[in-house]
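*Asks:* What follows is the residue order along each chain.
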Amino acid sequence: MSRFYYYLILINMIANIISAVPTILLYYREDGAVSALIVGAMLGLVIVVIYTKFFNAFPGMTFPELLVKTMPKWFYYPLLCFMAIMWFVAGASTLITYTFLLIRYLTPDIPIILLGLTLIVSIIFGCFMKTDRVLYTIEIIFLINFPIIIFIIIKAYTSKSLNWDFIKAAMLHVVEMPNMNVITACIFLSLGVVNLVIFNRFFTQKQNFGLKQIMVVAFISIATIFTTYFIPIGFHGLKSIEEMIYPWVATSDSMRMKFFLIERLVYVFLLLYLSMAFLSILIHWHVAVELFKFVFRLEKIKYKDIPIGYLIIILFFTAASLFLIVTLTEYQLFQYSKYFFNLTAVNFFGMIFLLFYIARRMKGAKDSKN
Amino acid sequence: MSSKEILLWIMNQFNDTVELIYKPLELDNKKITVLYIKSLIDQELFQKYILQPFFEIDSEEKLQVYLMALPQFQEVPSKEEGLLYVMEGNVLVEIQENLYAIDFKLSKNSDVNSTSVETTIHGSELALSDNLMTNINIIRSFYHEPTLTIEYFLKGEVNKPKIAVIYDQERVKTTALNMIKEKLEEIDKQVITESPQFSNFLNHKRFSLFPQMLLTERPDRIVYNLAGGKIVLLVDGSPQCMMAPAVFFDFMTTTEDNYHTFVISYYLKLLRYLGIFVCILLPGIYIGAASFSPEVFRTEFMLTIAGSRMGVPFTSFVEVLFMLFFMELLLEASIRLPKAISATAATVGGLILGTAVTEAALASNIMVIIVSAVAISTFVIPVNEMAFAIRIVRLLLIVIASIFGLAGLTLGFLCIIMYLVNQTSYGEPFLRMYNYRKGDKKSEGQA
Amino acid sequence: MLKTVKTKFFILAVISSLILLSGCGEFKDIDKMVFVSMIGIDESGNPDKPYKIILKLYVPTSSFKQNPAPEYSYLIKEGLTMAETISLLESHIDKELDFGHSKLIVVGEKMLQNQKNKVILDFLIRRPDIQMISYFAVGRPNAEEIVKFAPAGETALQPTIFNYFDNSGAETSYIVTSFLFDFRRRMKEDGISPILPIVEMDESKTHFIINKSIVLEEDKPPYELDSEKTLLVKLLSNDAKSIFYEVKRGDELFVTRLDTIKPHYTVDIKENNKVFIKVDIKLAGIITESKNSLRNKELPRYSKLLDEEMKEKVTAVIDELKREGYDPIGFGLRLNSHTLPKNRMNDKEWLAAFQNANVEVKVDSSLKSTGSIQ
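Residue numbers (the working numbering), protein chains in the order written: chain S, 1 to 370; chain L, 371 to 817; chain H, 818 to 1191.
Honestly, the hints are just simulated from the structure, not real lab data. Keep in mind that a hint or two might mislead.
[Stated by the list, open to error] Result set (DSS-like, lysine-lysine): computed pairs, CA atoms no more than 30 Å apart in a straight line:
#  : chain 1 : residue 1 : chain 2 : residue 2
1  : S       : K168      : S       : K239
2  : H       : K1005     : S       : K239
3  : H       : K927      : H       : K1139
4  : H       : K1165     : S       : K239
5  : S       : K239      : H       : K1159
6  : H       : K1022     : S       : K168
7  : S       : K160      : H       : K1022
8  : H       : K965      : S       : K239
9  : H       : K965      : H       : K1022
10 : H       : K1005     : H       : K1046
11 : L       : K449      : L       : K401
Every value quoted in this text rests on a predicted model; they were computed, and no experiment measured them.
Make the full structure from the sequences, and use the hints.
*Replies:* Shown next as C-alpha cells:
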C-alpha cells in the first residue's frame, strides 16, 4: 500500500488530538467512554476497510467521476454539494480550534480576526494545487515533524509523573454502556480514509490491501485512540480532568525537557501542531475545493477573462471561517463539534450502501462492455 | 552563383578589408583562391596544410582530392553559410569552380580551466574551458556511450555563438527535451554570451525565485547527470553549462557524495540540510523569541539575551536587518575586491561587524553570533544559485516573523515548502522525496 | 496563466493583511518585559485584603563575567483576590510582567492553615502562562522571607533554590519535588493526598534547608513530617534515588548507602471491608560508615539487620499516617485501580477504612560490600 495512503490516515488521527475529540471523549469518561472507544475503533476499522477496498477497485478515478458514470444528475449534484460543505466544515473546525488555541497560549495580544486571516491566507492557496503536489507537501512536512511527535509520545510514556494507577482506574470504567457521542468521535478519527474521494486520483495503480495492511491500520488506530484518551488521565487524574479545556495542551505542559534549549514542552507541542493542523486543513479544504470545482465548473466562470470562479470560492471560505471564528464561543464549538461528528459518522456509514450500489453498476457496465 | 561570385559577395559584406585576405594562388596549371580572416586562423596550420601541398602536389585534381581528404574539410552550401564559415575561422578555398571551407580556427581559449567555484577535496580539479569544442571533447572522453547526442543551434542575432544541446538518447526524459527544444526555437534575443542566461530565456515566468536549471563547471558532475537523464546546454565562450530539469535535491548534492563511504556522506548531507534550516530560520527565531514570545526558551538563555540587549537602541527586528544588510554588503563587495585590498577589507569587515558594533552597543553580542552563523551556513549549499535564492527567502521570513511572531514563522516556512513543491522544472516536480528503495518503479501516478 | 493570477492575489492578500497589522501592538521587545522568577503567597493578617503577593523579578546583567552577583527586584502587594493584586502590581512597574519563566510558587505556612488551597490552586491553573511544571513549596516562617532570600554563592544564572528541586544539583532524597500539576491532581483526586516540601532557612541565614514535608488533606490541619519520615515516604513512593540509611541494632551501628530501591505495594480489600496493605521493598547497597569494624563474610547478617530496621521504621510511618488520616503515598488510588467504579470509595470513606487497615511490611535487602575496608 502506498505510503501516501498512510499519510492521509495518520494526519487525520494526529491532527485531532488537539481538536474537540479528546474533550468529548473525556467529558464522558465516567459515562461509558472506554467501552465506546473499543466499539468506535472497530467501527472505524470497518469503514477504513470498506472504503479502501472500494476505491482500490477503481484506481485513478475520483468519486465525482464515478458518480457521473452511474447515477443520475439530480442525485449526485446535491450529494456532492452537501459533501463539499461537510469537508469545508471539517477543515473549518480544525481552523477555529487552532485559532482559539493560539490566541490563548502563544500570542494573546493579536486580534483574533488577524490570526484567523493569517492561517486562512497561508492555506487557501495551497488548496488550489494539483492533488499530487498536495501529497508531496504532506510528505515533506510530515517527515520533518515526525521525529518530534515520536519524541513527545515517548517522553509521555516514560515520564515519571505518569501515574499508571489513574489509567488502570479509568480503564475499569469499561463495564458501562458505550456512549453514542464517543463512538462517533472515534469514528471521526478514522475518517481520514474518506479523503480518498478525491485523492484516489493519485493512486493510478491497484494497491495491495491485504491482511497485513489492515493490521497496520488497526494498530495505528488503536495506539492513537489509547494515547489520546489515557495519557491525559495519567497526568491529571480521573475525576477532575474535565476542568481542563484543552487536555493535551495541559498534558504537554506537564512534561519537562531538562537539558534542551526549550524547557516547556508545550511550545514545541503547539508549533508542531500548527504544522499538523495546517496539513489537516489543507487536505480537507483541497477536497472541498475540488468538489466545488466539479459541481459548479468553476474554471469556466470568467469575467472579462479573469477566472473569477476561484475568487468566489476563496472569498466564501474566508468569509465563512472568519464569521465562525468571531461568533463561536468555546462551549458552542464543543457542542457543534459533537453534532458534526454524529452527522459525519451517520453519513459515511450510510454512504456504504451507495458504494455497494455504484460498485455493482460499474461492474455491470464493465461486463456489458466486454 | 558561381564560386567566384560567392567570394566577391562575401568580401563585400566586410567594410574593413585589412584583416580579410583574398589571395589567388597560381602555379603551373594549378589555380586556387583563398579567402580568410588573418586574426582568426592558425597561420602555421594554414602554411603546412594548404600552402605547402599546393606547391608540392602537381595536378589540380590531386590537390582537390587532397583537400577533400583533410579532416578539417567542410562543404559550403550557400553564400550565407560561407560568410558564417569565414567568421568562424575557416579558410574558403575556391578550386575548380568548387568552394570548400577548411577549418583552421586558432583558439586561444581552449585550455582547460581549473575549478574556481565548485571545489572538492577529492576528485579532479579540472573544469570546463571557454571553448565549445574543447568542452565537447572533455564530455565525450568522459562519457563513452554511442547514444550521446549533440545538437547544435545558432541563437543570438548579434553575436551568434554556437550552442550545443547534449543528451543521452536512451536515458533522457523526453518531455523535458521537447519542452527545451520548443523554447529554444522561440528565443529571439540579440546577444547571448553565457549559458546562465538560458535559465531566464527558457523560462516562461517573469518572477521566479528558485533556479530551474542547474549550473556547473565540473565534467564529473555533468557526466553523472547525463547518465541520469538530464539535458546539458553549452554555449561557446562560457565555461559553465546549464542542466535541466533540475530538482531541489540536485542543488544540495556535491559530487563528493559518491566518493565517500555511506556513513560519512550521510553525515555530510545531514550537516548540509541542518545548515539550510539554520540559515533560513535562525534570524526569524531570534526575532520571535526576543520580541514576541520570550517564554519559549530556557530562562537562563532568555536572561542572557536580555542582558546582551541592554543598551541597544533598536528593536530586535531593526537590529537583525541592520546586521544582515552589512553582511550582505560585505559578501557582495568581496566578489569584486582587487587582491591588494582584500586583506584590509577582511579586517574592516571583521572589526566592524564584530567587535566595534558590540562595543558601541549598536547590536547585541548574540546578534553578531547569529549573523556570522547565518553567513557561514549560506555557503554550505553546494550550488550557488540556490544560495542566492535562500538569502532572499531568509529575508522574507524575517519580515514575516517580525509581524506574526513564532507562529507566523512556522506558517511562513510551511508556505515556502508549499511554494517549492508547486514548482515544476521542465516537467519534473521540483520538490519531492523520492522513494529510493523502489527505484523507478511507479506505484503511483501523476495527477 | 492561473499561477500569475494566483500570485497577484497572494501578494494582494499579504499586503492587505500587513496594512491591517500596522496598528497592532503585539511586537513587544524584550527590554520592555521583565521576567518573574518566583511567586510568593502569604497571609497578610488583614481580613479585608487577605492575600499578600510577593513577586521576585529578574534584573538582567549585561556582562555575566564581570558581575556575577545576582540582582533582583521585588514587588509586594496585598489584595482581596490574587488576580486583582497582580493586575495592581503591574501598575507599579514600567515594564510588562512575564510569568512564563516563573518556576517556583511559595505559599506561607499560615496560608495553608486557612483552607484557601483550592482558591490558590484555581488561580494558578487558570492562568495559561504560569507553567504547570512550576515547583510548589511551603515557606517557613513565611513566603516573603523565603522569596527575598538569596543564599551565599548564588550567581546571576538562576536562583539556587531551583537546583534543590530538579535533581540536577543536589541529589538527596529528603527533598520532595512537587510540580504544580502533581499538586493539583493530588488535591482533586480521591485516594492520594498532596505533599509539599517545607523550605526554611538555617540560623545563620546563609542557606536554605529543605528536608521536611507537609501533608494536606481536606478539612484537616496540615500535618508535618520530619526529615526521616519524609525520606521513608519518598522511598515508598518510588521517588528515592540513593539514600544513606543508618542501622542501629544491638551493638552494631553502621550507615548504608542504598542505591537500588524497589518498593512494591499491593492494596486489597477483603471480607467485611477490611483493607490489607502489603508492602515489599527490595534494597541493594553498600556500607559506608560503621562504628565497629566489619567482616565481609558477615554481610548477610548486616543485611538482616537492615531489613529489621527498615521494617520497623516503615511500619511506624505508615501507622502514623493511618492514625492521623493522611495518605500521601497513594494506597487509596492503588485500591481504586482495581476495583470496579461502582464499588469505589471516595476520599472520606477511604481514610476511614485506611485507619483500620492491616499493614504488612517485608524488606529484602542485599548489601554488596563493606566499602573500601572491612
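*Asks:* Determine for every hint whether it applies to the structure shown.
*Replies:* The hints, checked one at a time:
Distance check on the hinted pair: K168 (chain S) and K239 (chain S) sit about 13 Å apart at the alpha-carbon level, within 30 Å; holds. Only pairs whose Cα atoms come within 30 Å are accepted, and K1005 (chain H) paired with K239 (chain S) is accepted, the gap being roughly 7 Å. In summary, the hint linking K927 (chain H) to K1139 (chain H) is supported, as the alpha carbons are separated by about 25 Å, within the 30 Å threshold. Simply put, K1165 (chain H) and K239 (chain S) have alpha-carbon atoms about 15 Å apart, close enough for the 30 Å limit, and the pair holds.
The straight-line distance between the Cα atoms of K239 (chain S) and K1159 (chain H) is roughly 14 Å, inside the 30 Å bound, and the hint therefore holds. As the CA atoms of K1022 (chain H) and K168 (chain S) are separated by approximately 47 Å, the hinted pair breaks the 30 Å bound. For the hint pairing K160 (chain S) with K1022 (chain H), the CA-to-CA distance comes to about 34 Å; that exceeds 30 Å, so the pair is violated. Restraint check for K965 (chain H) and K239 (chain S): not satisfied, since their Cα atoms lie roughly 37 Å apart, outside the 30 Å limit.
A threshold of 30 Å between alpha carbons decides the hint, and for K965 (chain H) with K1022 (chain H) the separation of about 12 Å falls inside it, so the pair holds. Annotation: proposed proximity of K1005 (chain H) to K1046 (chain H) holds, straight-line Cα distance about 24 Å (limit 30 Å). At most 30 Å may separate the alpha-carbon atoms for a hinted pair to count; K449 (chain L) and K401 (chain L) meet this at roughly 21 Å.
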